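Asker: Listed below are the residues making up each chain.
Number of protein chains: 4
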Amino acid sequence: MHTSSAMQACIDDCLRCYRICLDMASSHCLELGGEHAKPAHIQLMLACSEVCRSAAHLMLLGTPHHRHLCAECAEICEDCARDCERVGQMEDCVRACRDCAESCRKMAG
Amino acid sequence: MHTSSAMQACIDDCLRCYRICLDMASSHCLELGGEHAKPAHIQLMLACSEVCRSAAHLMLLGTPHHRHLCAECAEICEDCARDCERVGQMEDCVRACRDCAESCRKMAG
Amino acid sequence: MHTSSAMQACIDDCLRCYRICLDMASSHCLELGGEHAKPAHIQLMLACSEVCRSAAHLMLLGTPHHRHLCAECAEICEDCARDCERVGQMEDCVRACRDCAESCRKMAG
Amino acid sequence: MHTSSAMQACIDDCLRCYRICLDMASSHCLELGGEHAKPAHIQLMLACSEVCRSAAHLMLLGTPHHRHLCAECAEICEDCARDCERVGQMEDCVRACRDCAESCRKMAG
Chain V
1 MHTSSAMQAC IDDCLRCYRI CLDMASSHCL ELGGEHAKPA HIQLMLACSE VCRSAAHLML
61 LGTPHHRHLC AECAEICEDC ARDCERVGQM EDCVRACRDC AESCRKMAG
Chain Z
1 MHTSSAMQAC IDDCLRCYRI CLDMASSHCL ELGGEHAKPA HIQLMLACSE VCRSAAHLML
61 LGTPHHRHLC AECAEICEDC ARDCERVGQM EDCVRACRDC AESCRKMAG
Chain H
1 MHTSSAMQAC IDDCLRCYRI CLDMASSHCL ELGGEHAKPA HIQLMLACSE VCRSAAHLML
61 LGTPHHRHLC AECAEICEDC ARDCERVGQM EDCVRACRDC AESCRKMAG
Chain D
1 MHTSSAMQAC IDDCLRCYRI CLDMASSHCL ELGGEHAKPA HIQLMLACSE VCRSAAHLML
61 LGTPHHRHLC AECAEICEDC ARDCERVGQM EDCVRACRDC AESCRKMAG
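Chains as they are written, first to last, in UniProt numbering: chain V, 1 to 109; chain Z, 1 to 109; chain H, 1 to 109; chain D, 1 to 109.
Hints are computed from structural coordinates only; laboratory data are not their basis. Where hints are given, some of them may not hold.
[What the hints assert, rightly or not] Straight-line Cα separation of at most 35 angstroms, DSBU-like style, residue types lysine-lysine; simulated pairs: (1) K106(D) - K38(D); (2) K106(V) - K38(Z); (3) K38(Z) - K38(D); (4) K106(Z) - K38(V); (5) K106(V) - K106(Z); (6) K38(D) - K38(H); (7) K106(H) - K38(D); (8) K38(H) - K106(D); (9) K38(Z) - K106(Z); (10) K38(V) - K38(H).
Fair warning: this is a prediction, and the values are worked out from it, not measured in the lab.
Generate the whole structure from the sequences, applying the supplied hints.
Answerer: Encoded structure:
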C-alpha cells in the first residue's frame with residue numbers, strides 16, 4: 001500500500017457511503033414509496049453512490065487525478081445528505097454522506 | 001429515452017473513450033513495455049477510463065449532477081491525450097480522448 | 001485492438017443493454033410507478049445493467065475469464081427480458097436483453 | 001439494511017479483495033516489473049478486482065441474482081490467488097483472494 005492513512009480513511013468513507021446509498025435506494029426507499037421513491041431522489045442516491053465508488057477507485061489507482069473527483073464527490077454527497085434530510089427516515093445515509101463529504105474535501109485540498 | 005441527442009452523443013463518446021483506454025492500457029501498453037508500461041501512464045489510462053465510464057453512468061441516470069462530472073472528465077481526457085502523445089503509438093486513444101473532452105465540455109456548459 | 005469481431009459485437013451488445021436497463025429503470029419505470037417501480041423489478045433491471053457493464057469490462061481487459069461472466073450475463077439478461085415482458089411497455093429493454101443474452105452465450109461457448 | 005450478517009461479511013470481503021487487487025496491480029506490480037507486470041498477470045488482477053466489485057454491488061442491490069455472480073467470483077479469486085503465489089511477494093493479495101473466495105462460496109451455496 002502506497003497510500004497515506006488520510007487517503008485510506010477517505011477510501012473507507014467513500015466505500016461506506018457507496019454501500020449505504022445503493023442499499024437504501026434499492027430497498028428502503030423503493031419499499032417506502034411516496035417522496036422516497038420519486039425519480040429525482042432515487043437518481044440522486046444512485047448518482048452519489050456511483051461517484052463515491054469512482055472516487056475510491058481513483059485513490060486506489062494511485063493517480064494524483066483523484067483530487068478533482070474528490071472535490072466533486074464532496075459536492076454530490078452534500079446534496080444527497082440535504083435531500084435525505086428533506087424526505088426523512090434516512091439518518092444513516094445523511095451521516096455517511098456528511099462523513100464522506102468531509103473526508104473528500106480534505107483529499108481535494 | 002429522456003436524454004437529448006447532444007447527451008446521447010456525449011454518452012457515446014464517453015463509452016468509446018472508456019473502451020479504448022481500458023483495452024489499450026491492459027494489452028497494447030503492457031505488451032510494448034518501456035514508457036508505455038510505466039505506472040504513471042497506466043494509472044492515468046485506467047483513471048481516464050473509469051471517469052469516462054462514470055460520467056456516462058450519471059448521464060444515463062438522468063440526474064443534473066452529470067454536469068460536474070463531465071467537467072472533470074474533460075480535464076482528465078485532455079491529460080490522458082497529452083500523455084499518450086508523449087509516449088507515442090497511441091493515435092486511437094489520443095483521438096478518443098480529445099473527442100470525449102470536447103463532448104464533455106459541451107455537457108458541462 | 002486484440003479482440004475478435006465476435007467479441008467486439010458482444011461488447012457492443014453488453015454496453016447497449018447496460019445503457020437501456022439503467023436509463024429505463026431510473027426514469028421510465030420510476031415515473032410509471034405501479035409494477036414498474038416495485039423493488040424487485042428495479043433491482044433486477046439495475047443488476048442486469050451492472051452485470052452487462054462488468055462482462056464488457058472483462059472482455060476489454062483481454063482475460064480469458066470473461067467466459068464465465070458472459071455465461072452469467074446471458075442468464076440474468078433472459079430473466080430481465082421475461083420480467084420486462086410481464087410488466088409491459090418495455091419493448092426496447094426486452095430486445096436489448098435478448099440480443100445481449102444471445103451474444104453472451106456465444107462468448108461463453 | 002435488509003441483508004443478513006453473512007451477506008454483510010461477504011460484501012466486506014469482496015470490497016477488501018477489490019481494493020487490494022486494484023491497489024497492488026496498479027502500483028506494486030507495475031513498479032516491480034518482470035513477471036509482476038506481464039499482461040496476463042495484470043489482466044487477471046484487474047479482472048478479479050472488477051468481479052469482486054460487481055459481486056458486492058449485486059448483494060447491495062438486494063436481488064437473489066447475486067448467487068451466480070458470487071459463484072463466479074469465488075472461481076476467479078482462486079485463480080488470482082494461485083497466480084499471485086506463482087509470482088511471489090503478493091501475500092496480502094493471496095490472503096484477500098482466498099478469504100473472498102470462501103465467503104463467496106457460502107453465498108453461492
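Asker: Would you mind marking each hint as holding or not holding in the structure?
Answerer: These are the hints, each one checked on the structure:
no.: 1; hint: K106(D) - K38(D); result: holds (32 angstroms)
no.: 2; hint: K106(V) - K38(Z); result: holds (28 angstroms)
no.: 3; hint: K38(Z) - K38(D); result: holds (12 angstroms)
no.: 4; hint: K106(Z) - K38(V); result: holds (28 angstroms)
no.: 5; hint: K106(V) - K106(Z); result: holds (29 angstroms)
no.: 6; hint: K38(D) - K38(H); result: violated (47 angstroms)
no.: 7; hint: K106(H) - K38(D); result: holds (28 angstroms)
no.: 8; hint: K38(H) - K106(D); result: holds (28 angstroms)
no.: 9; hint: K38(Z) - K106(Z); result: holds (32 angstroms)
no.: 10; hint: K38(V) - K38(H); result: holds (12 angstroms)
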